Every structure is written in structure tokens, then in C-alpha cells.
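All chains should be modelled from the sequences, with the hints used to inform the complete structure.
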Amino acid sequence: MPLEKNNRSKIPRVLEGWFLETARTFPWRTVDTPWGRLISEFMAQQTQIERVAERWPSVVARFPTPESMAKSDEQEILALWQGLGYYRRARHLKASAELICKMYSGVVPDTVEELLTLPGVGKYTAGAIASIAYGKREPIVDANVHRVLCRISNRSGDPVPSEWTWEEASKLALNCDEIKIFNEALMEFGAVVCSPKKPDCMKCPLQNSCASYKSGTQFEVPTPKEPAKKKKVFHYAVVMEHGDELAFEQRGDKGLWSRMWQVPTVESTVELTSSQVAVQLGVNDQLKYLDTIQHSLSHRSISLSIFSCKCARDARFHWFQWDSLAELPLASAQRKVLAVHYLR
DNA sequence: AAAACGGGGCG
DNA sequence: CGCCCAGTTTT
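The working numbering puts the first residue of the first sequence at 962, with every later residue one more than the last.
Certain hints may be false.
[Claimed, not checked] Below 20 Å or equal to it, Euclidean Cα-Cα: the simulated SDA-like pairs (lysine to any residue) are:
| # | residue 1 | residue 2 |
| --- | --- | --- |
| 1 | 1271 | 1241 |
| 2 | 1297 | 1044 |
| 3 | 1190 | 1260 |
Hints are computed from structural coordinates only; laboratory data are not their basis. Here the structure is a predicted model, which is why all the values come from computation and not from measurement.
This is how it looks when you write it as C-alpha cells:
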């Protein structure tokens, strides 16, 4: 059912008013610059906003301009990104900073077309920067916007995001007062009121305009997509000690935890014995078993067994003292490994 | 078109 | 412990 024309002119104003009255305070809304917004949008991809709010200030403080990040070492950005996941985003951000300096005179571009040339910037992020940072009348569709618009028109079955949602968002963008306010309002509204599982319809300023609410289908619209099945895998991490130093290796530039560091690790789709692990790592001594922990990702269920051993200072690895690990980019699973070793 | 890519918090 | 969540890139 298409949205009524009168609703298209009314909805933007209602949401803008609602947002100006109730918006949460986030640091990027207080210190509001295009570069700061670019960073917050990268950080917010597939990441809960509270996690972003905690981390954003330290990233912006260290890299206040695209130039400062372009000149920096990738490792330093990855270290600031520790625990946030999707580490490719951090490298995309640095690559974008470099491109901004090289092609756009160090200024974050203000058109969707130019923004789309930046690595890590897709249709949503380009629209978000153009509209929220620069006030360009561009639509945006993220998961929140998709859900809100589908519910208002009682549309189920569309993938996230759908062509229909983008068209609908475009029409609304033409009818809003201030695009910067409206686009943020649409997302904030989806996050705070029109939430996935528990939409607060009793407090909803759009209750009278919502086709899903009228037909009582707000809990089934939009249709959620089937989650992928998790593949079960086995990781064997060995904490190698030489005096007060520990061995580390850096992961490759593709795939899981790319460019992050880890203690020497064997990955397998089947269970391995400790001696098989020792052979694969080229360790002669017996491995001391410490513990096995479960680490769950969206697409993988990892059984992570942790061993330790005393060994020679092997040149195949990088060796770090315990108190120098703070600056080493480690994913959360590695922090767990070190905690198990430290507490043994 | 589908798969890959993380992690923390909450009920 | 299962479920949830402000996308983009690669295959």
C-alpha cells in the first residue's frame, strides 16, 4: 500500500520535531564536523551505537583531521579499533583518509558521487555524510530507516535495504524541512521508538499514520531475514614464552581479524590433539594445556583451546614483553587468550 | 545473489 | 546462552 501523499508531507515534520525534542546526545552531535561524522559512520557500521560513543572521542582526539590519519601508521588505527570488530573498516578509514588528502585537498567531499569513491563508503554512508554533515538533500536507508518505512506502509518481505525503501526515503527527503535533522531523526526514531522487537507504539508520534499499527502487524513487519548458520571451527592458540617475552604473529590482510595480531595459532575444521598442534607450529616441547573457551561470531562458532610452552626465541615470530602489549592491535578473542594465560 | 566479516550486552 | 544490532566488499 503506497504512502498517502499527505502523510509524505506530514511525517518528516513530525519526526523532525520529535528529534529536536528527544535526541540523545552523542559526542559527534556535540563536536559536529564532516571528518568526525565520517569516523562515526564508519564505526557505526554493524556496531551498537553505545560502543561507538565510548570509542569515538579517542579516535578523533588522536586523528583530528584526514591528514593526521593519512600520515599515521595502520597499526595505530587498528589498536584504537581493538574490540570493535570488522577490522577492515579501520583500514578502509585510513585508505579513505589518504584518498581525501590526495584527491580532495584534505577535505571530506560533499557529494554522494565523490563519497562513493572512498573505500568503505557505500550508498548508505555516502548519503549520511552528504546529508547530515553537509545538508545535501540526499536520502539514506539503513536498517532502522528500512524498518520504519516498511511499517508505516505495512510492507513485509522487502530485503534490507530495498529499492522500494530507497524510493520512499527519497520522496520523504524532498518533503522535509532540514535534511540533516530529518535523516538523523528517521534513524533515531527507528532505534528508540520503532525498534525491531518492541516498538513503543503507545508513545509513537506517527501512530495515526502507521498502516502496520492499524492492522496490528507491527511485530511481523518487516520480515526478518534468516540468519546464516554458524560454522563450527577449532582454533589452537599457543602462548610461547622466552624469558619475559611472548611470541606473536600478524594475521593476513584478508578474512577474519585481518592485520590483527595473535599468539601462534593453528586453525582447523576438525579437532586436533595437542601433539598435532605442536607439530604444525614446529614446537618440539610438550604443550601445556590451559583451557578451552567458546568464542561466537555471527557466522562462526569457534572452540578456542589455549596452550603454553617455554621455547627458544624463534625468528619466525615477533617477541613482545608483557607490558608492551597495550599498543599491539589484538581482537577480543586474543585478549581472552592472554587473560587465561595470565591467570593460570 | 550469497557469503564474509565481531563483539558486547541483555533477557 | 541465544538473540540482537546505525553496511560494505568480495566471491
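Hints, verified against the model:
1. 1271 / 1241: holds, 17 Å
2. 1297 / 1044: Within the cut-off at roughly 11 Å; holds.
3. 1190 / 1260: holds, 7 Å
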